[in-house]
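Undergrad: Here the protein sequences line up with chains A and B, keeping their order.
Numbered according to the working numbering, the first sequence spans residues 0 to 136.
Numbered according to the working numbering, the second sequence spans residues 4 to 151.
Note that these hints are calculated values from the structure, not bench results.
In this text, all values refer to a predicted model and were calculated from it rather than measured experimentally.
Built from N, CA and C at the ideal position, the CB exists for glycine as well.
The reader is advised that the hints may include incorrect statements.
[Unchecked claim] Distance windows between CB atoms, simulated: (1) A:Val41 to B:Asp79: 18 to 26 Å; (2) B:Ser106 to A:Thr77: 28 to 36 Å; (3) A:Met68 to B:Glu30: 41 to 49 Å; (4) B:Thr88 to A:Met65: 19 to 27 Å; (5) B:Ser99 to A:Gly52: 43 to 51 Å; (6) B:Ala10 to A:Gly102: 42 to 50 Å; (7) B:Ser86 to A:Ala64: 19 to 27 Å; (8) B:Thr88 to A:Ala71: 32 to 40 Å; (9) A:Asp32 to B:Ala33: 25 to 33 Å.
[Stated by the list, open to error] Calculated Cβ distances over 12 Å to all of chain A for the following chain B residues: (10) Ala16; (11) Leu25; (12) Asp26; (13) Ala27; (14) Ala33; (15) Asp35; (16) Arg51; (17) Pro65; (18) His68; (19) Thr70; (20) Gly104; (21) Ser116; (22) Val121.
[What the hints assert, rightly or not] A few chain A residues facing chain B, derived, Cβ under 10 Å: (23) Gly24; (24) Cys25; (25) Ala26; (26) Arg27; (27) Asp81; (28) Asp82; (29) Ile84; (30) Ala85; (31) Ser86; (32) Gly87; (33) Glu89; (34) Val91; (35) Arg93.
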Amino acid sequence: MKRRRRTPILAPPFLLVVFVALVLGCARAPDRDTGGERNLEVAHGYIDAMNRGDASELDADGFKAMHAMVLAAFTNLTITADDMIASGDEVVTRWTLRGKQEGPFQGIAPTGEEWEQADIMGLMRQLGAPEGPDGAT
Amino acid sequence: MEDARLALVSRIADDIWNRGDLDATAEVMAADAVYHGPHMPDGVGTRRDWREHIARVRAAFPDSHVTFEALVPCGDLVVGRWSATGTHTGAFGDRSPTGRGISIGGITIYRLSGGVIVEAWEQLDLLGMWRQLGAAEPAGGRPAGKRD
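Pulled out of the complex, with its shape left as it was, chain A reads as follows (with noise of 0.2 Å):
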């Protein structure tokens, strides 16, 4: 797993799927022009709650307590959108996580160190995990 330099991070574990009201068709919003679609602004209010370090903003309990640990593990956090899709009652969100590890996460004590990478697997080798047997997937 190769060390990439550059600005603190963390992982970004997953694509992250938000479940909104009801539109017809689809719209994306990569960026922050959301053409007023509601479901693309609530998707975007969720991810600057995240960067806001504001998980009680969150509705879903799994969710708050899963942000909650990240958050009380990782300063610097941010999040960004790198792709958003809306449609019918859901939203797609392709995003990239970074942030630096300064509490414990997973039974894994803090390293201090800046990590980039983009999924769970990959963050928990960077905190020092064990690998599958030869790396392989």
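Once you have looked at the hints, place chain B on chain A.
TA: Chain B in isolation, oriented as in the chain A frame:
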């Protein structure tokens, strides 16, 4: 009449993964397509890397079965939310067969052009997969340290 975009992406599950028709990878994806994913070399691969990945997984999990739980088309994109099952009866990397059955999920965003896939972004539960195989238990007391 079914959306041609959905029909194309559905072939990935029906023909390639579930029937093992790996030649179909060349029918659904452009030769110069870009495949982003943690299971690709350095996080980004080619159509050939994708095919080799499928061959490697199907050799280790011959009963591999992929189901698209949802396919969402939007312009030149199709978002696929999928689940996959398989039984580990073949060697996987240097890991001997465990006989374990696994089940994981993932999401892939496909970008289409000219009737084929030209780019894909995929995330899947690799950690869950290794856990189900009895490997890669997360940290739990292991001393922290950076990996280089």
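Undergrad: Next, verify each hint and record whether it holds.
TA: Okay, the hints, checked on the actual structure:
no., hint, result
1, A:Val41 to B:Asp79: 18 to 26 Å, "holds, 24 Å"
2, B:Ser106 to A:Thr77: 28 to 36 Å, "holds, 33 Å"
3, A:Met68 to B:Glu30: 41 to 49 Å, "holds, 44 Å"
4, B:Thr88 to A:Met65: 19 to 27 Å, "holds, 25 Å"
5, B:Ser99 to A:Gly52: 43 to 51 Å, "holds, 45 Å"
6, B:Ala10 to A:Gly102: 42 to 50 Å, "holds, 48 Å"
7, B:Ser86 to A:Ala64: 19 to 27 Å, "holds, 24 Å"
8, B:Thr88 to A:Ala71: 32 to 40 Å, "holds, 34 Å"
9, A:Asp32 to B:Ala33: 25 to 33 Å, "holds, 29 Å"
10, Ala16, "holds, 18 Å"
11, Leu25, "holds, 18 Å"
12, Asp26, "holds, 23 Å"
13, Ala27, "holds, 22 Å"
14, Ala33, "holds, 19 Å"
15, Asp35, "holds, 21 Å"
16, Arg51, "holds, 16 Å"
17, Pro65, "holds, 17 Å"
18, His68, "holds, 18 Å"
19, Thr70, "holds, 17 Å"
20, Gly104, "holds, 17 Å"
21, Ser116, "holds, 16 Å"
22, Val121, "holds, 15 Å"
23, Gly24, "holds, 9 Å"
24, Cys25, "holds, 4 Å"
25, Ala26, "holds, 8 Å"
26, Arg27, "holds, 6 Å"
27, Asp81, "holds, 8 Å"
28, Asp82, "holds, 7 Å"
29, Ile84, "holds, 5 Å"
30, Ala85, "holds, 8 Å"
31, Ser86, "holds, 5 Å"
32, Gly87, "holds, 7 Å"
33, Glu89, "holds, 6 Å"
34, Val91, "holds, 5 Å"
35, Arg93, "holds, 6 Å"
Violated hints: none; the structure is consistent with every hint.
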